[in-house]
Amino acid sequence: MPIQNNRLSTEDLALKFADVHPPFEHAEGAAIEADRCINCYDAPCTKSCPTSIDVPLFIKQISSGNIKGSAKTILSSNIMGGGCSKVCPVEKLCEGACVYNLLGEEPISIAKLQRYSAEKAIKGKWELFERKPSNGKKVAVIGAGPAGLACAHALSLQGVEVTVFEKEEKGGGLMTYGVAAYKVTPEFCKEEVDFILSIGGIDVQYKKELGKDITLAELQQKYDAVFLGIGVGIARSLDIPGEELDGVVDAISFIYELRTNDFSKIAVGDNVAVIGMGMTAIDAATQSKRLGAKDVTLIYRRTENEKPCTEVELDLAKLDGCSFIWLASPKEIIGENGKVKKLVCNKMKLGEPDTSGRRAPVDTGETFTMDVDMVIKAAGQIPFEELINKSSVQNKSGKISINNKTETNLKGVFAGGDSVNGGKEVVDAVQAGKDGAKGILQYLGV
Amino acid sequence: MANLQSNFLGIKSPNPFWLASAPPTDKKINVIRAFEAGWGGVVWKTLGSQVKNVSSRYSALNYNGRKAVGFNNIELISDRPLEVNLKEIREVLKLFPDRAMIISLMADNDRKSWHEMVKKSQDTGAHGLELNFGCPHGMVERGMGAAVGQDPDIAKMVVEWVMEVATIPVITKLTPNVHSAVPGGLAAIEGGTNGLSLINTIQSVTGIDLDTLVPNPNVGGQSVFGGYCGPAVKPIALKMLTTLAQEERIRNIPISGIGGITTWKDAVEFMLLGASNVQVCTAAMISGFKIITDLCDGMSNWMDEKGYKSIDDFVGLSVPKITRWEELDINFHIVAKIDQDKCIHCGLCYISCEDTSHQSIDIERGNPYNTYTIKEEECVGCNLCKIVCPVNDCITMVEQRKGDEYLNWIEYEKRGLPLNDH
Ligand SMILES: Cc1cc2nc3c(=O)[nH]c(=O)nc-3n(C[C@H](O)[C@H](O)[C@H](O)COP(=O)(O)OP(=O)(O)OC[C@H]3O[C@@H](n4cnc5c(N)ncnc54)[C@H](O)[C@@H]3O)c2cc1C
Ligand SMILES: Cc1cc2nc3c(=O)[nH]c(=O)nc-3n(C[C@H](O)[C@H](O)[C@H](O)COP(=O)(O)O)c2cc1C
Numbered sequence: 000m001p002i003q004n005n006r007l008s009t010e011d012l013a014l015k016f017a018d019v020h021p022p023f024e025h026a027e028g029a030a031i032e033a034d035r036c037i038n039c040y041d042a043p044c045t046k047s048c049p050t051s052i053d054v055p056l057f058i059k060q061i062s063s064g065n066i067k068g069s070a071k072t073i074l075s076s077n078i079m080g081g082g083c084s085k086v087c088p089v090e091k092l093c094e095g096a097c098v099y100n101l102l103g104e105e106p107i108s109i110a111k112l113q114r115y116s117a118e119k120a121i122k123g124k125w126e127l128f129e130r131k132p133s134n135g136k137k138v139a140v141i142g143a144g145p146a147g148l149a150c151a152h153a154l155s156l157q158g159v160e161v162t163v164f165e166k167e168e169k170g171g172g173l174m175t176y177g178v179a180a181y182k183v184t185p186e187f188c189k190e191e192v193d194f195i196l197s198i199g200g201i202d203v204q205y206k207k208e209l210g211k212d213i214t215l216a217e218l219q220q221k222y223d224a225v226f227l228g229i230g231v232g233i234a235r236s237l238d239i240p241g242e243e244l245d246g247v248v249d250a251i252s253f254i255y256e257l258r259t260n261d262f263s264k265i266a267v268g269d270n271v272a273v274i275g276m277g278m279t280a281i282d283a284a285t286q287s288k289r290l291g292a293k294d295v296t297l298i299y300r301r302t303e304n305e306k307p308c309t310e311v312e313l314d315l316a317k318l319d320g321c322s323f324i325w326l327a328s329p330k331e332i333i334g335e336n337g338k339v340k341k342l343v344c345n346k347m348k349l350g351e352p353d354t355s356g357r358r359a360p361v362d363t364g365e366t367f368t369m370d371v372d373m374v375i376k377a378a379g380q381i382p383f384e385e386l387i388n389k390s391s392v393q394n395k396s397g398k399i400s401i402n403n404k405t406e407t408n409l410k411g412v413f414a415g416g417d418s419v420n421g422g423k424e425v426v427d428a429v430q431a432g433k434d435g436a437k438g439i440l441q442y443l444g445v
Numbered sequence: 000m001a002n003l004q005s006n007f008l009g010i011k012s013p014n015p016f017w018l019a020s021a022p023p024t025d026k027k028i029n030v031i032r033a034f035e036a037g038w039g040g041v042v043w044k045t046l047g048s049q050v051k052n053v054s055s056r057y058s059a060l061n062y063n064g065r066k067a068v069g070f071n072n073i074e075l076i077s078d079r080p081l082e083v084n085l086k087e088i089r090e091v092l093k094l095f096p097d098r099a100m101i102i103s104l105m106a107d108n109d110r111k112s113w114h115e116m117v118k119k120s121q122d123t124g125a126h127g128l129e130l131n132f133g134c135p136h137g138m139v140e141r142g143m144g145a146a147v148g149q150d151p152d153i154a155k156m157v158v159e160w161v162m163e164v165a166t167i168p169v170i171t172k173l174t175p176n177v178h179s180a181v182p183g184g185l186a187a188i189e190g191g192t193n194g195l196s197l198i199n200t201i202q203s204v205t206g207i208d209l210d211t212l213v214p215n216p217n218v219g220g221q222s223v224f225g226g227y228c229g230p231a232v233k234p235i236a237l238k239m240l241t242t243l244a245q246e247e248r249i250r251n252i253p254i255s256g257i258g259g260i261t262t263w264k265d266a267v268e269f270m271l272l273g274a275s276n277v278q279v280c281t282a283a284m285i286s287g288f289k290i291i292t293d294l295c296d297g298m299s300n301w302m303d304e305k306g307y308k309s310i311d312d313f314v315g316l317s318v319p320k321i322t323r324w325e326e327l328d329i330n331f332h333i334v335a336k337i338d339q340d341k342c343i344h345c346g347l348c349y350i351s352c353e354d355t356s357h358q359s360i361d362i363e364r365g366n367p368y369n370t371y372t373i374k375e376e377e378c379v380g381c382n383l384c385k386i387v388c389p390v391n392d393c394i395t396m397v398e399q400r401k402g403d404e405y406l407n408w409i410e411y412e413k414r415g416l417p418l419n420d421h
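Quick note, the sequences are listed as chains U and X, same order. With numbering that gives the first Met the number 0, letter number 100 in the first sequence gets 99, and the count goes up by one each step, no holes. With numbering that gives the first Met the number 0, letter number 36 in the second sequence gets 35, and the count goes up by one each step, no holes.
What the hints contain is simulated information worked out from the structure, not anything from laboratory work. Glycine is no exception: its CB is placed at the ideal position from the N, C-alpha and C atoms. A hint or two may mislead.
Claimed, not checked - To be clear about the criterion: a stretch of chain X counts as covered by chain U if any three or more of its residues have a C-beta under 8 angstroms from a C-beta of chain U, and this derived list gives those stretches:
1) 126-140
2) 148-162
To be verified - Anything over 12 angstroms on all C-beta distances counts as not near chain U; from chain X, calculated:
3) Ser54
4) Asn63
5) Arg65
6) Leu94
7) Lys118
8) Leu209
9) Gly315
10) Asn366
11) Val387
As the list claims (entries may be wrong) - A short, non-exhaustive set of chain U residues, derived as facing chain X with CB atoms under 7 angstroms:
12) Cys39
13) Val98
14) Leu409
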């Protein structure tokens with residue numbers, strides 16, 4: 000069977016894309032888990048959260064039955080605390096630092112508890128935040144992703160009038176268009192964005208693209224400050240022969256399709272090769288498999304020890320039945336009638352440590368060939384270098400440079416999130432948005 | 000294997016665990032189930048003039064997710080006909096002749112009523128009587144229960160009435176709703192009681208429903224003070240027990256220990272502080288009669304480990320270890336020690352010491368884990384850090400005497416030795 004859609008029934012698809020981390024079904028479940036928390040001082044979980052959520056506090060608030068207070072504790076540190084509870088790689092953040100790990104016990108289910116309170120607030124449209132009266136300052140935010148929305152919310156809270164320009168037709172950024180479908184639903188993403196915007200004072204202009212519909216110079220003129228939260232673009236190209244063949248796709252576009260269309264409309268091959276071993280690669284692989292691909296193989300240049308994804312993510316792919324080829328790097332894609340047919344890879348070995356501190360893959364000269372009908376490229380994303388250069392924003396290979404007040408080389412232009420760090424997690428982008436707002440408020444003297 | 004056989008005032012039971020007078024001992028059906036499960040004896044639910052109970056009777060104190068660490072009730076004595084109770088007692092006695100059967104009594108406040116109750120009870124063949132001078136609610140308003148126990152003169156008089164006709168051992172159950180249990184205990188002894196038991200329940204309000212603003216339990220929009228029991232009352236019961244056990248004039252009177260006993264360890268503690276046997280109510284109500292298995296097994300294993308052959312070998316052994324404050328050795332000094340290998344860096348020791356004690360713990364901030372060490376020269380040996388530490392034996396208290404000789408406060412003051420300067 001070639002690349003095709005509609006491989007599974009609607010019921011099967013619904014099952015495959017159901018929530019991977021289901022919520023507590025009963026208040027008792029949350030209470031029992033909350034009571035396990037020993038309420039650490041200067042808590043390692045809090046210190047390991049990029050947004051510094053006061054985890055012991057919000058958990059004790061669940062224990063005491065103060066769910067509203069618990070939601071406020073979470074969301075005032077992280078306005079996307081609801082989404083983060085579903086998408087954060089907590090095994091390397093809060094839960095990874097939980098002191099129970101040191102006892103060899105299961106860490107507190109912090110994410111699940113966080114979801115318990117935050118989701119109630121979002122679904123119930125709780126009015127937890129009160130905006131200060133308008134102070135007449137106007138700020139433009141580019142990008143309605145986690146960084147942009149966090150920045151907009153923090154600014155509006157202080158009475159700033161915010162206009163958000165977003166090139167897509169929905170907010171949420173990669174939360175809406177990138178994160179795996181079994182982590183968050185489009186409905187949830189919309190509810191979360193609505194919740195953030197419900198504070199008022201934020202006007203989102205969808206389908207308005209910087210560099211196309213508007214220029215940075217214009218915005219600098221019309222607004223007291225600008226925040227760039229444009230994220231990063233599509234997946235890096237492999238720069239190998241055969242990349243133009245039918246059946247070679249970019250993971251970000253593949254996932255974008257999957258997040259914006261009915262699952263049944265998304266085509267996958269029988270034998271899918273995914274290049275890369277980061278979060279995006281795992282997501283592309285698992286979701287291909289869940290769409291009905293027969294064999295999905297992840298191909299990575301280094302060994303399992305150097306993998307960029309977490310153990311939990313790797314396990315997810317393993318449980319989904321994906322295969323792994325370590326120490327292999329794509330050399331050439333061979334086609335037939337313009338369609339992908341085979342993938343030739345170089346066998347690699349580990350050499351000296353590179354700049355990342357990990358041992359670098361070195362070509363052994365040997366190759367192997369595998370039959371594939373689809374290749375998904377997921378070896379990192381490339382920043383919007385052209386756009387950034389055109390706007391005269393200082394950058395390093397497209398990654399925007401900022402100072403310790405989050406300001407760029409342009410006066411009054413601030414930036415944060417993936418567009419600055421090159422691509423991390425939602426929670427990092429939220430913190431960057433908060434930091435951006437702080438920098439802007441200082442700059443505006445608010 | 001240790002021998003758990005108990006002989007309390009000549010009343011024999013295969014183990015020292017009796018069910019206290021309460022709902023678990025209210026009917027034949029309960030008591031048969033209890034004996035089948037292995038309980039050594041029962042004190043039958045208090046008999047007296049038949050009463051009527053209200054609906055909504057219990058409430059509880061929950062703590063940190065643990066349900067019913069304290070339990071509260073507003074029930075009265077048996078609300079079943081006296082004759083039915085007596086008939087069932089006879090039947091159970093026939094079915095389980097090797098178990099202890101004690102009947103709890105609370106007659107109307109006159110000699111004749113008490114005489115009648117005592118006679119009817121011993122006619123069943125029961126092995127002993129327990130006089131309920133403790134119920135803190137409902138009966139008190141009628142001049143019974145705690146109203147009797149709180150007034151030593153009345154208590155003595157009632158015991159005298161009972162002893163005039165009693166042919167089987169009589170245990171007087173004391174109320175904890177007094178500043179000291181000793182006067183009531185002495186009065187009962189003067190009245191002629193053979194044994195004592197304590198505690199009955201402590202007056203309490205367990206909480207309020209924050210929607211209706213009605214305290215628990217809610218009886219049609221109103222509540223009353225109830226009787227508190229369960230794990231939360233154990234420390235109070237142990238203290239009251241000790242005051243009796245230490246009293247010269249009570250020393251030879253067997254005491255049945257009651258109040259919050261949930262595990263074999265609790266039971267051992269009561270016995271170490273002078274109880275010859277123990278009674279249990281709440282733990283059985285919360286978890287069922289099966290708890291008797293581990294109560295016996297745990298006690299037996301502990302006795303084997305310690306080399307005690309029978310329960311009498313250890314009853315009262317801890318009584319002399321509770322002394323008066325003035326006699327404590329001021330030169331005895333301990334300091335906390337944190338085992339860094341066991342530490343999980345939760346910081347609970349640090350924050351409790353820093354916020355509320357003696358600022359005796361050093362912190363070295365790390366990411367994400369801080370390192371905590373004891374400032375030995377500041378540590379007063381209060382145990383707080385050890386108490387809050389979630390890891391067993393991570394914090395230990397190490398002896399560092401201030402001087403070789405035993406030195407108590409009286410002597411310290413006499414010598415005019417220095418007090419703290421900060
Ligand atoms: C496949 C994939 C899976 C991921 N899974 C997870 C996960 O499970 N957990 C996790 O924590 N993180 C995950 N991430 C990372 C996470 O999504 C990002 O780190 C986060 O969304 C970054 O937020 P941001 O606001 O900086 O950028 P983005 O989310 O990329 O938002 C940028 C916004 O700017 C808009 N924009 C871009 N250019 C313009 C322009 N010129 N004009 C106007 N608007 C513009 C975009 O449309 C977008 O809405 C994943 C990323 C990918 C790619
Ligand atoms: C619901 C209930 C009813 C009780 N009724 C009586 C009673 O009728 N007579 C009595 O002497 N004690 C009664 N008690 C007190 C118990 O016998 C016992 O003294 C007390 O509960 C402390 O023991 P515990 O902590 O093991 O429950 C009652 C206790 C409860 C909980």
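Hints the structure violates: just list their numbers, smallest first.
-> Violated: hints 1, 2, 4, 5, 8, 10, 11 and 14.
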